Every structure is written in structure tokens, then in C-alpha cells.
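I would like the entire structure built from these sequences, with the hints used as guidance.
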Amino acid sequence: MVLIPYLCKRELEESPAQLKQYILSNLGKAPEKVREVIESTNLDAFISSPLRYRHPWELLWGNISKGNVCVAGDALHPMTPDIGQGGCAALEDGVVLARCLGEALLKHSRREIKDGGEGVEEYYKRIEMGLKKYANERRWRGFDLIVTGYVVGFMQGSGGKIMTLLNKFLAPTLALLLLKKADFDCGKLIIS
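Just so we're aligned, residue 1 is where the sequence shown starts under full-length UniProt numbering, counting upward by one.
Rather than coming from a laboratory, the hints here were simulated on the basis of the structure.
Owing to the predicted nature of the structure, the values given are computational and were not obtained by experimental measurement.
Cβ coordinates follow ideal geometry from the N, Cα and C atoms, glycine included.
Check before you lean on any hint, since a few could be wrong.
[As the list claims (entries may be wrong)] For lysine to aspartate or glutamate, the following EDC-like pairs were computed, each having C-alpha atoms within a straight-line distance of at most 16 Å:
#1 K181 to D144
#2 K125 to E103
#3 K181 to D82
#4 K188 to E137
#5 K20 to E36
#6 K20 to D44
#7 K180 to D144
#8 K180 to D82
#9 K132 to E103
#10 K168 to E137
#11 K188 to E103
#12 K133 to E103
#13 K66 to D144
[To be verified] Label pairs and their computed distance ranges (CB to CB):
#14 A75 to E122: 26 to 32 Å
#15 E103 to Q21: 50 to 56 Å
#16 T173 to E122: 47 to 53 Å
#17 A98 to G157: 35 to 41 Å
#18 A171 to E36: 31 to 37 Å
#19 G187 to N42: 31 to 37 Å
#20 V69 to A45: 30 to 36 Å
#21 G157 to V69: 43 to 49 Å
#22 V69 to V95: 33 to 39 Å
#23 S25 to G159: 19 to 25 Å
#24 A98 to K29: 41 to 47 Å
#25 P172 to K125: 24 to 30 Å
#26 D44 to L105: 41 to 47 Å
#27 L166 to L43: 37 to 43 Å
Structural data, given as C-alpha cells:
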């Protein structure tokens with residue numbers, strides 16, 4: 001993935017040839033094999049997809065679930081790639097979502113609602129409750145990962161003497177903090 005400065009973004013989005021040239025000109029000390037792969041890649045494979053920043057507090061105050069619908073993965077917690085946690089967080093979402101829905105639905109069997117009887121409304125209310133529980137459990141975890149990714153990316157991308165000095169002293173602390181981000185307990189799935 002190559003991050004493109006805002007000023008030249010529009011021109012590069014419209015021209016795959018210019019995008020390819022931009023990438024080649026910014027490879028720096030990349031191995032020659034990398035350069036060869038990019039040079040031999042067809043132009044139609046170069047696609048510009050801009051990163052969008054979403055304020056993390058939108059996750060705290062926004063709707064994660066509404067009725068029988070909820071969001072998960074990048075729709076829930078879009079984050080920069082700086083801590084490498086996006087895919088793991090999406091897997092966590094899946095486990096937590098399955099657990100919350102399972103807990104909510106285990107109290108009713110399918111036979112009770114099969115004929116569209118009184119149990120149907122209760123069944124959907126239980127789904128809604130499970131989704132709300134999921135949203136409440138994932139809200140702060142997503143917020144934490146988004147903010148951490150942003151801070152790490154900002155520190156890594158910043159220059160100057162002050163930031164270099166800060167990075168030197170904070171690097172060991174950040175490394176431990178980032179390792180702790182990967183150690184998350186999603187809970188146990190109940191199988192019945």
C-alpha cells in the first residue's frame with residue numbers, strides 16, 4: 001500500500017500510468033525484485049483507493065446497531081494499518097457477535113417459532129438484544145484500536161528533533177502497549 005499526498009491525489013486517481021510512475025519513484029531502497037514486479041504489472045491493476053479518516057468518537061456516540069442490523073469489521077472500526085490489528089479486530093467481531101447472538105437465541109428453539117406463532121416477535125427482540133450487547137462490548141475496543149493506530153502512525157510519520165526524541169523514549173512503552181492490543185479475550189462460544 002502506498003500513501004499518496006493529498007495535492008496530487010486526484011491526478012493519480014485518474015491515471016493508472018501516473019500512479020505506477022509515482023509508486024516506482026517512491027520505492028526508495030526497496031529490493032530490485034519489488035521494482036521488477038511493479039514494472040511488469042499491467043496498468044489496469046493500479047487502482048487508487050483513498051484512505052478516509054473517521055473520528056473515533058463517532059464510534060462512541062454513533063449507532064452501531066439498529067433493530068436487527070449491526071456493523072462489524074472495518075465498517076465498525078476503520079483504522080490505519082499502523083498496528084496491523086484490523087483483520088484481527090474483524091475476527092474478534094465475528095466471535096463476539098456469534099457469542100452475543102448465541103446467548104440471546106439459545107433460550108428459544110427454532111420449533112417454537114417455526115409456525116410464525118407468538119414466539120416470532122420475541123425471537124426478533126432477542127436478536128436485537130444480542131446485537132445491542134455486541135455493540136456495547138465492541139464500542140470501546142474499537143475506539144481503543146483506532147486511537148492507538150492513529151497515534152502510532154502519527155509518531156512514525158512525524159519528523160523533527162522533538163518527535164525523534166519522543167519516539168526514542170516512547171518506543172519500548174509503545175511496543176509493550178501494542179503487544180497487549182493483540183492479547184484480547186473474546187469470551188467463550190457456547191455450543192448446545
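Hint by hint, here is what the structure shows:
| no. | hint | in the structure |
| --- | --- | --- |
| 1 | K181 to D144 | 9 Å, holds |
| 2 | K125 to E103 | 13 Å, holds |
| 3 | K181 to D82 | 13 Å, holds |
| 4 | K188 to E137 | 14 Å, holds |
| 5 | K20 to E36 | 12 Å, holds |
| 6 | K20 to D44 | 10 Å, holds |
| 7 | K180 to D144 | 12 Å, holds |
| 8 | K180 to D82 | 15 Å, holds |
| 9 | K132 to E103 | 12 Å, holds |
| 10 | K168 to E137 | 34 Å, violated |
| 11 | K188 to E103 | 11 Å, holds |
| 12 | K133 to E103 | 10 Å, holds |
| 13 | K66 to D144 | 22 Å, violated |
| 14 | A75 to E122: 26 to 32 Å | 28 Å, holds |
| 15 | E103 to Q21: 50 to 56 Å | 54 Å, holds |
| 16 | T173 to E122: 47 to 53 Å | 50 Å, holds |
| 17 | A98 to G157: 35 to 41 Å | 36 Å, holds |
| 18 | A171 to E36: 31 to 37 Å | 34 Å, holds |
| 19 | G187 to N42: 31 to 37 Å | 46 Å, violated |
| 20 | V69 to A45: 30 to 36 Å | 35 Å, holds |
| 21 | G157 to V69: 43 to 49 Å | 36 Å, violated |
| 22 | V69 to V95: 33 to 39 Å | 19 Å, violated |
| 23 | S25 to G159: 19 to 25 Å | 20 Å, holds |
| 24 | A98 to K29: 41 to 47 Å | 44 Å, holds |
| 25 | P172 to K125: 24 to 30 Å | 49 Å, violated |
| 26 | D44 to L105: 41 to 47 Å | 46 Å, holds |
| 27 | L166 to L43: 37 to 43 Å | 41 Å, holds |
Hints 10, 13, 19, 21, 22, 25 from the list above are not met by this structure, while the remaining hints are.
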